[in-house]
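The whole structure should be built from the sequences, with the hints applied where relevant.
Number of protein chains: 2
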Amino acid sequence: MSASRIGLDSLRAKVMSAEDAATLIDPGSTVGMSGFTGSGYPKAVPMALASRIEAEHAAGNPFRLRVWTGASTGPELDGALAKADGIEFRLPYNSDPIARDKINRGEMDYFDMHLSQVAPMAWQGFLGPLDTAIIEVSGIRPDGSLIPSSSVGNNKTWIDRASKVILEVNRWQNPALEGMHDIYYGTALPPNRVPIPLVRPDDRIGEAYFRCDPAKVVAVVETDSPDRNLPFDAPGEDHRAIAGHLLEFFRHEVARGRLPASLLPLQSGVGNIANAVMSGLVDGPFDNLTAYTEVLQDGMLELMEAGKLLTASATAFSLSPQAAAALNADMARFRDRLVLRPQEISNHPEVIRRLGCIAMNGMIEADIHGAVNSTHLMGSRIQNGIGGSGDFARNAYVSIFMAPSTAKGGKISTIVPKAPHVDHINQDVQILVTEQGLADLRGLSPRQRAEVIIENCSHPDYRPALKDYLARARRDSYGQQSPTLLNEAFAWHQRFVETGDMRG
Amino acid sequence: MSASRIGLDSLRAKVMSAEDAATLIDPGSTVGMSGFTGSGYPKAVPMALASRIEAEHAAGNPFRLRVWTGASTGPELDGALAKADGIEFRLPYNSDPIARDKINRGEMDYFDMHLSQVAPMAWQGFLGPLDTAIIEVSGIRPDGSLIPSSSVGNNKTWIDRASKVILEVNRWQNPALEGMHDIYYGTALPPNRVPIPLVRPDDRIGEAYFRCDPAKVVAVVETDSPDRNLPFDAPGEDHRAIAGHLLEFFRHEVARGRLPASLLPLQSGVGNIANAVMSGLVDGPFDNLTAYTEVLQDGMLELMEAGKLLTASATAFSLSPQAAAALNADMARFRDRLVLRPQEISNHPEVIRRLGCIAMNGMIEADIHGAVNSTHLMGSRIQNGIGGSGDFARNAYVSIFMAPSTAKGGKISTIVPKAPHVDHINQDVQILVTEQGLADLRGLSPRQRAEVIIENCSHPDYRPALKDYLARARRDSYGQQSPTLLNEAFAWHQRFVETGDMRG
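In order, the protein sequences belong to chains B and H. The first sequence: position 153 = 1249 (the numbering used here), numbered continuously. The second sequence: position 273 = 1369 (the numbering used here), numbered continuously.
Mixed in with the good hints, there may be bad ones.
Same chains, same label: a pair holds when it works inside one copy or across any pair of copies.
Here are the simulated SDA-like cross-link-like pairs (lysine to any residue), alpha carbons at most 20 Å apart as the crow flies [what the hints assert, rightly or not]:
1. K1404 to P1287
2. K1404 to E1344
3. K1110 to R1599
4. K1563 to G1202
5. K1312 to T1119
6. K1110 to T1407
7. K1563 to D1298
Hint data in this document are derived by calculation from the structure and do not stem from the laboratory.
Structural data, given as structure tokens:
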């Protein structure tokens, strides 16, 4: 079985244990790993590397790495390496709880980047040299090309840019993945860039495999390990209410002639609300849907099984164990309707603007003027990262952000006087949705936005206080374009930090 | 002379006074005007409209308009209409002082938009219907097509979308402008968008004229009036220092192989610093430069005259009276090296990313984590608007923001603990420059950025206080990804509002 996954003799000769492979990585070096939303990340070498780092630390030797990935990985990578205190610097996205704690204690430097910009900036040399790529693949072909795994992410760029390559060949990955991927090799550094020839979400513009010079491969490690595949909670009442408001909005836009009857390519962030929206679309009036998104979740596959979604393009899967099993059982059928691309293309501003994606992303909070914080709790503690939300929100046909109107059992309001960290400026936020309702902010001034947001989206427990703040800001603010009271803009957040509750 | 500028009989028959034309505009309607950075805006009809509005107001009749433009116009448009209290809602950019005061007193609603998004959102129907277009042209051809004026802006879209069109034919505009423009007619609504076939800054992908159905033209008004053409101040010492740091950075990047020897297409914001940078490039080591920018200023023409700049693409001129005279004297020679395009194309994310522009924009302030405020003084009072800075900053090869390290004679620090309004999130800010120095933020975490920004860019009068703030934030912040002290983040701004000085 393993032999069939490694089709090239010269690479079969480089098969070794994860422990041996881990010795090929130098302290202080930069490692580019595969992995996106818990899919397709290397599972053996990072664990072995973490053990090696712990041993070196125990022996009094410093050993930390700079770690680049596609996006989030799994406990065997970010968790293990962070626990071993083996990561000095991390980009472009993390959702691992151990790494998050290290970052928020100031023990690990972390730069969350627009996901579309990682590969170009690596090519431009802005991020420094890349020493080693550690890439999970689902197979190696006789010509040395690589069959990608369940995510593509930045793998093409890591393989091309790294001085040496370590491959994990994971036989857990379904061999029928072969042919699903579309690896575009037409990117270049300016002034040699040309249009990306993609005009439909399911266009295939590249190759099904990664090119890889076998001479650069220093180790091949065989694995048989599942992706992270966390279970999704069933959508709650709030999530279903948000989905309901959004579907009503789509119906309204189609009726007004501002959206085609089959909508436009859907982009959907990761999480339960996104899944609830997809579930809502299963029963909705919209047919012949398409998706051009970052991640394929359970809801997207459900929508496809229901015959509503024709095709979907992404850079990775992020499935529950049940959905992963269902997909694996029927991969050949899904393969022709799904495309996995490099994240540089799945998230490319050019393509998103051209296709006119409907961007649907979650948020931590929005302020009364419509600026959105997607990343930092209380303005300083990072949760995950900006991910691809900026790529999509700024270039979308319509940019939607959604969340329940409160968090922590009502102790946090999602609508606040001022966002203490801004990921999406108000120009990039056209629609806000909470379970309370939907605010259509298109073409409104900040003062107009404030009224609509408070009225339609805020929780009744916080609405009077927001109205009071706005009324006083409209009286006392230094300027009236975006009324603000500087000395109490963050009072709610400060109160939460001090008492655990934003309410007075 | 005037006859020669109106080549179509049926439109010559519609020549009338500005006063008569102004009667064709209804109270409460939406008017799309030409005009971008004080160039090519209508000069007679808005003045007549303002008089009419004043008379109606004196008679007790309400009369206000929704006014859309390309960007800023001139006193005859924004100034006159704002003074008459004739603008209810304004987009996408304003720099008129009278209109600014109305906005900041809460008497006029204003939505500053990404300039690339105005035309698409108008087509998408998100901004409401457009009743009348008032467009300055430099001539009407026998076939009814229109020779554009000194700016293109959103004129194509206003002409196409408006129910009726009023033309101002301005004989002050140089007839040799004819042939300089490139009006692209290949845009569409999704799902019918295709790649924009522009791969070099000077590619011509459209037509030299606006198409216009003569049946939609309800009035033609002849004018002979100069553009705003404000004089530029000579660059001060701080501006020259900023330019010096930036040129040193370019040399360094070329030496490291991260920029070609002829750099990449330059985008430059409007103002004295931008002009100082262009002047610096005149004496610099870089040849065969190109520009893909929004506005052509004095410095850009100077660079062209010096033989350093080969070609430049923009959507408008913004020249001093001297530079305008020099350009007019030699227009035929410049015409083949300059291209004026619709702002949808000059600022298009697809094209900016493809060309790899070097984006250089001014700012009001930056915070220690690198978030930039370009628009709101003290977080609430708008100065001008975001303009095209977001289009360029997010999609640039490298995004640079610059300003002197203090303003108001030292009473305001440009580097602050936290920006009270964010136009450019830290991911979109790679380089910060003040006269103190340059901070290269590429690939740094927020904590690392804070150290470099304070050290390299802040003014020595404020540096100790910034270091003290950062040290305490690194001790007391809720999270350490982006250390922040919520209860004093805006203390400097609050102090300025109360005392007129950020210093204690």
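At 20 Å max between alpha carbons, let me know whether K1110 reaches R1599 within a copy, between copies, both or neither.
neither (61 Å within a copy, 65 Å between copies)
**Request:** Using 20 Å as the alpha carbon limit, work out where K1563 and D1298 are close: within a copy, between copies, both or neither.
**Result:** For K1563 and D1298, the Cα distance exceeds 20 Å both inside one copy (46 Å) and across copies (52 Å).
*How would you classify K1404 and E1344 at a CA-CA limit of 20 Å: within, between, both, or neither?*
Answer is within: at 17 Å inside a copy they meet the 20 Å cutoff, but 56 Å across does not.
Regarding K1312 and T1119, is the shortest C-alpha distance of 20 Å or less found within a copy, between copies, in both, or in neither?
This pair counts as within: shortest intra-copy Cα distance 16 Å, inter-copy 75 Å.
### Task
Give the relationship of K1563 and G1202 under a CA distance limit of 20 Å: within one copy only, between copies only, both, or neither.
between (37 Å within a copy, 17 Å between copies)
Quiz prompt | Homo-oligomer pair classification [P1287, K1404; C-alpha up to 20 Å] | solution = Between. Shortest inter-copy distance 18 Å satisfies the 20 Å Cα cut-off; intra-copy 42 Å does not.
Worksheet item: Given identical chains, is K1110 near T1407, meaning Cα to Cα at most 20 Å, within a copy, between copies, both, or neither?
Response: neither (38 Å within a copy, 53 Å between copies)
Hints 3, 6 and 7 from the earlier list are contradicted by this structure; the remaining hints agree with it.
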